[in-house]
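Chain order of the listed sequences is C and R.
To convert, note that position 400 of the first sequence is 392 in the working numbering; the numbers rise steadily by one, no gaps.
To convert, note that position 339 of the second sequence is 331 in the working numbering; the numbers rise steadily by one, no gaps.
Calculated from the structure, these hints are not laboratory results.
Treat the hints with care, since some could be wrong.
No copy is singled out in the list; a pair is fine if it fits within one copy or between any two copies.
[Said to hold, decoys possible] DMTMM-like, lysine to aspartate or glutamate: derived pairs with alpha carbons at most 25 Å apart:
id, residue 1, residue 2
1, Lys36, Glu337
2, Lys243, Glu114
3, Lys403, Glu199
4, Lys243, Glu349
5, Lys191, Asp67
6, Lys191, Asp384
7, Lys243, Asp303
8, Lys273, Asp(-1)
9, Lys403, Glu114
10, Lys243, Asp304
11, Lys403, Asp370
12, Lys36, Glu328
13, Lys475, Glu134
14, Lys191, Glu211
15, Lys191, Asp386
16, Lys273, Asp13
17, Lys243, Asp13
18, Lys475, Glu133
19, Lys498, Glu305
20, Lys191, Glu224
21, Lys36, Asp304
22, Lys538, Glu211
23, Lys475, Glu165
There are 2 protein chains.
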Amino acid sequence: MTHLHDDPTAFAATALAGYCDVFRQFVRAVPDGVVRSTATPDGKVALVIGGGSGHYPAFAGYVGPGLADAAVAGDVFASPSTRAVRDICARAHRGGGILLGFGNYAGDVLNFGLAAERLRGEGIDVRVLAVSDDVASASAEEHERRRGVAGDLAVFKIAGAAAEAGRPLDEVERIARLANARTRSFGVAFGGCTLPGAKQPLFSVPEGRMAIGLGIHGEPGIDEVPIPSAAELAAILVDRLLSEAPAHGGKRVAAILNGLGSTKYEELFVLWSAVASRLAKAGLAVVAPEVGEFVTSLDMEGCSLTLTWLDDELETCWLAPCDSAVLRRGATIAAEPAAIRDEAEVAAKHYPEASAEGRAGGRCIAGVMAHLADILRDAEQELGRIDAQAGDGDHGQGMARGSAAAAAAAKEAAEAGAGASSVLAAAADAWADRAGGTSGAIWGVGLRSWSQSLGDDAPIDAGRLAAGALAALSGVTRLGGAKPGDKTLVDALEPFARTLEAEVSKGSALRAAWQAASDAATGAAKQTADLVPRLGRARPLAERSKGHPDAGAISLAMAARAVLDRLPDGPG
Amino acid sequence: MTHLHDDPTAFAATALAGYCDVFRQFVRAVPDGVVRSTATPDGKVALVIGGGSGHYPAFAGYVGPGLADAAVAGDVFASPSTRAVRDICARAHRGGGILLGFGNYAGDVLNFGLAAERLRGEGIDVRVLAVSDDVASASAEEHERRRGVAGDLAVFKIAGAAAEAGRPLDEVERIARLANARTRSFGVAFGGCTLPGAKQPLFSVPEGRMAIGLGIHGEPGIDEVPIPSAAELAAILVDRLLSEAPAHGGKRVAAILNGLGSTKYEELFVLWSAVASRLAKAGLAVVAPEVGEFVTSLDMEGCSLTLTWLDDELETCWLAPCDSAVLRRGATIAAEPAAIRDEAEVAAKHYPEASAEGRAGGRCIAGVMAHLADILRDAEQELGRIDAQAGDGDHGQGMARGSAAAAAAAKEAAEAGAGASSVLAAAADAWADRAGGTSGAIWGVGLRSWSQSLGDDAPIDAGRLAAGALAALSGVTRLGGAKPGDKTLVDALEPFARTLEAEVSKGSALRAAWQAASDAATGAAKQTADLVPRLGRARPLAERSKGHPDAGAISLAMAARAVLDRLPDGPG
Chain C
-7 MTHLHDDPTA FAATALAGYC DVFRQFVRAV PDGVVRSTAT PDGKVALVIG
43 GGSGHYPAFA GYVGPGLADA AVAGDVFASP STRAVRDICA RAHRGGGILL
93 GFGNYAGDVL NFGLAAERLR GEGIDVRVLA VSDDVASASA EEHERRRGVA
143 GDLAVFKIAG AAAEAGRPLD EVERIARLAN ARTRSFGVAF GGCTLPGAKQ
193 PLFSVPEGRM AIGLGIHGEP GIDEVPIPSA AELAAILVDR LLSEAPAHGG
243 KRVAAILNGL GSTKYEELFV LWSAVASRLA KAGLAVVAPE VGEFVTSLDM
293 EGCSLTLTWL DDELETCWLA PCDSAVLRRG ATIAAEPAAI RDEAEVAAKH
343 YPEASAEGRA GGRCIAGVMA HLADILRDAE QELGRIDAQA GDGDHGQGMA
393 RGSAAAAAAA KEAAEAGAGA SSVLAAAADA WADRAGGTSG AIWGVGLRSW
443 SQSLGDDAPI DAGRLAAGAL AALSGVTRLG GAKPGDKTLV DALEPFARTL
493 EAEVSKGSAL RAAWQAASDA ATGAAKQTAD LVPRLGRARP LAERSKGHPD
543 AGAISLAMAA RAVLDRLPDG PG
Chain R
-7 MTHLHDDPTA FAATALAGYC DVFRQFVRAV PDGVVRSTAT PDGKVALVIG
43 GGSGHYPAFA GYVGPGLADA AVAGDVFASP STRAVRDICA RAHRGGGILL
93 GFGNYAGDVL NFGLAAERLR GEGIDVRVLA VSDDVASASA EEHERRRGVA
143 GDLAVFKIAG AAAEAGRPLD EVERIARLAN ARTRSFGVAF GGCTLPGAKQ
193 PLFSVPEGRM AIGLGIHGEP GIDEVPIPSA AELAAILVDR LLSEAPAHGG
243 KRVAAILNGL GSTKYEELFV LWSAVASRLA KAGLAVVAPE VGEFVTSLDM
293 EGCSLTLTWL DDELETCWLA PCDSAVLRRG ATIAAEPAAI RDEAEVAAKH
343 YPEASAEGRA GGRCIAGVMA HLADILRDAE QELGRIDAQA GDGDHGQGMA
393 RGSAAAAAAA KEAAEAGAGA SSVLAAAADA WADRAGGTSG AIWGVGLRSW
443 SQSLGDDAPI DAGRLAAGAL AALSGVTRLG GAKPGDKTLV DALEPFARTL
493 EAEVSKGSAL RAAWQAASDA ATGAAKQTAD LVPRLGRARP LAERSKGHPD
543 AGAISLAMAA RAVLDRLPDG PG
């Protein structure tokens, strides 16, 4: 739907005024169109283009250095008047004559043609080129009867470059005609556009269907099929265009994959991947492809592919610098290509030097992680069942996957001689990377925060472990955003860390302190059954979770208990 | 709808690959994101940005000289993983430290935050900035809890400029935080987006309604109202943002009017006209506004307005050169502003010098045109009635308006001393300009072609008039595309011109010849009742036109008869 307008009859004119305000570095508003706001040399051929509105950036968006000199804008989907074309030409003319470019539609042919006659009557040399690239609209034998679609951009870009290079009008016209003769477009549509102020689309395509060859104002297409995959659509578009390759077209093509309005960039990039691959298989080299919105039809759903078979002269023009709202060539900041970085350097694992005590601590942690992974693998089903009562049931899987990856990384780090801190950090990162989802990332944050309280050069002691638990709590709440009472693992982690710290502070041995902390976590985890989650869950899940404990809190308590099995009995 | 994909789970990755292929002058594909393909100096602060996919050009489209150094891409609407962020940072780091920028969403805060901790563990200085510009998502007192929307672009552009200028990390971070603190966005939505592979939109807005403050992933808005006019919407957006202007914000603002996907450029330009005017009334000066698609949400319908209150430092950064797929500053072709052309020169009417005989002919034609205008004004109702049987009923109006304008222009030209050819040409142009529609343009072509057979220095004679009629026929068929039998005015013009030429050739006096031609036109016009139109009419009208004559042919015959009243009896 087109929603935004005041008086619908003023839509085209108001849009043009807004465009001119934003892009004043390129254009100046004049009645019924725009002229370049940048100076052009006397004697340069003027490229004046235009057509109906509703096709932005066609046509005002193509005005700027290296491209068009002026654009005439009609009302939505309506040709500009003869007088509008004539007057804008009078403004744009620099003494070198004018090439008038527009899509091949009856109204435009009439008004641009008549304007050309008027201008000739005023002594200005004017040539007229109706772009006719749409293969769906007439047979190959009647190329000049075809309508103009996104091929406009290719033809105008090439003609604009020839004019900017100072070529005389005869040459600019010849090159533009050659570009048009070598340009083919083919398009598809999924849905129609809505005229400003209208309640219904101008036309429609049945749901789940794709119209082939539909015109950009809803002119009839040539076929209708179920919506294909991107790869199938690439084949439809490329194969039809290749079947119409001009004689002696060569192997180098300019390509434009054009979105009509509501078929978005990311879809176009997906399609482009398939189009590029199919063109490459056909042995064609694509030169400076353009993927985006170049000739739209308000909010129409669909896209088209345009190919222009290049010779050396056309390629030079296609690549020549230009600057406009929609298309530019050439850099605004000079920059060299970057050297490509060594992949091994990016992935390399460097563990800091560790003392013998630190390495011993690392081996200890690796042992604990291996045991934890065993316990969580065994608990996978149970944790999944608990999670399924209020969540999506994948918590057990994530915990098993994360802890297994953490155990493997800890083993690798310990064997490489890493200290306790580095071993736990490696385990943390592996857990986050492999577990997936929020709980994996949270475990990663928690263990990594914990690791920073340990050293690579010192033995693990109760004080450092307790400080680490508090650091883990702090990291998890800071990065995860959950607070106690939100029905997350924080509800178990918080009493665990506080109890551990309190017990260690009052001199309890590590194992006893950990036992107390683990009991506190287990008790708190069970109590989460009384809570309603605040974060990270959609509302229906919140309702469902009533009366069920939180799987994240339960698995944290379970892990705390698992670690207890591997702790020494004595102090420190 | 999002229609184009192969495997929907590969949508984000394939889209990114396609983007990298097209924009290789800016980016190089790496796992889960992109890095600049252009060289950056050692020691430069790296700006690494990212977030979920589905928001193109956010975030990969912001990578290039003067803007971001790299972008990390998650799956559609999902945060990238910690590892993806960490690895891309390792690639982008140039020894100057890293600023990590992303929108303020829980998953991104978690993963970017965790990656920052890992990187710090590797000895890299990393700062983290969660953009929080959306005023609808939390109160002004909790600015840092707001989510990030199109303000991303403003904050990243400013931070990127500071980094490119070689500022140290502390400074880049300070400037980026200042930009975020001074950036506010407010958005509205008309309809939801469709995830690749889904059959239904992710969320929806009731038809005819507009959601205010809806998030770009469908997060709840704060209000819902009937869809307003563009001017009303401008007031909603501007007034809310101005009510949240930062303290000491000043009077200069960067502005971004952002389309979310299916709200198209021309609508945005219409809205921008109203926004710009409202900002001006509030005394704000807008610096380099951007209107387009910068942070989308697949094919979501809606838009947002972002303002960043600038100080001198922020303005310098906002305006600094940059080059990327979506945003650039600076020209690729150096160009001076153009001198503005004298309006009088554009509009000036120059009539060629005419002889006394030519001027007499001009006065004669002015008289004929005045009479023709009288006749067609009287026939307006009847012609309208005939046209309404098969067309839209405005033919009589167009003919009356066109002929009146032609008569006035002919009078003006004759009084200015123009010759016959120039008087008729002036009448032709005025007819086309004022009548409107195809029939007006066709009459313009016909009369202008006719005028070229007359001279400004010779008397009007039967031979020139007959040649002119043939020229008119030729001009009309060439520019209008209709042939005899298409049920247009050509069906009457063709027998008129041929009969006139035949009669004059065999020596008939002008009046007699014109009488015969006029009779032929009238007979042919009546016979158009038997024809079905081929051109310029939609199919339902074609059906309705059966049995009714063509209004264009009838009015041509009527005009021919009217001229007869003013022709002299004798020869020549």
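Hints versus structure:
1. Lys36 / Glu337: between (54 Å within a copy, 19 Å between copies)
2. Lys243 / Glu114: For Lys243 and Glu114, neither the intra-copy (44 Å) nor the inter-copy (49 Å) Cα distance is at most 25 Å.
3. Lys403 / Glu199: neither (55 Å within a copy, 58 Å between copies)
4. Lys243 / Glu349: Classified as neither; 67 Å inside a copy, 63 Å across copies.
5. Lys191 / Asp67: within (19 Å within a copy, 35 Å between copies)
6. Lys191 / Asp384: between (41 Å within a copy, 21 Å between copies)
7. Lys243 / Asp303: Classified as within; 9 Å inside a copy, 53 Å across copies.
8. Lys273 / Asp(-1): The answer is between: 21 Å across copies meets 25 Å, while 51 Å in one copy does not.
9. Lys403 / Glu114: between (87 Å within a copy, 20 Å between copies)
10. Lys243 / Asp304: within (11 Å within a copy, 52 Å between copies)
11. Lys403 / Asp370: within (20 Å within a copy, 101 Å between copies)
12. Lys36 / Glu328: Between copies only: 16 Å across chains, 33 Å inside a chain, cut-off 25 Å.
13. Lys475 / Glu134: Classified as between; 17 Å across copies, 71 Å inside a copy.
14. Lys191 / Glu211: within (20 Å within a copy, 27 Å between copies)
15. Lys191 / Asp386: between (45 Å within a copy, 24 Å between copies)
16. Lys273 / Asp13: Classified as between: cross-chain Cα gap 16 Å, same-chain 45 Å, threshold 25 Å.
17. Lys243 / Asp13: between (42 Å within a copy, 19 Å between copies)
18. Lys475 / Glu133: between (73 Å within a copy, 20 Å between copies)
19. Lys498 / Glu305: neither (86 Å within a copy, 54 Å between copies)
20. Lys191 / Glu224: For Lys191 and Glu224, the Cα distance is within 25 Å only across copies (19 Å; inside one copy 33 Å).
21. Lys36 / Asp304: within (23 Å within a copy, 40 Å between copies)
22. Lys538 / Glu211: The answer is between: 23 Å across copies meets 25 Å, while 57 Å in one copy does not.
23. Lys475 / Glu165: Answer is neither; intra-copy 71 Å and inter-copy 28 Å both fail.
In this structure, the earlier hints numbered 2, 3, 4, 19 and 23 are contradicted, and the remaining ones agree with it.
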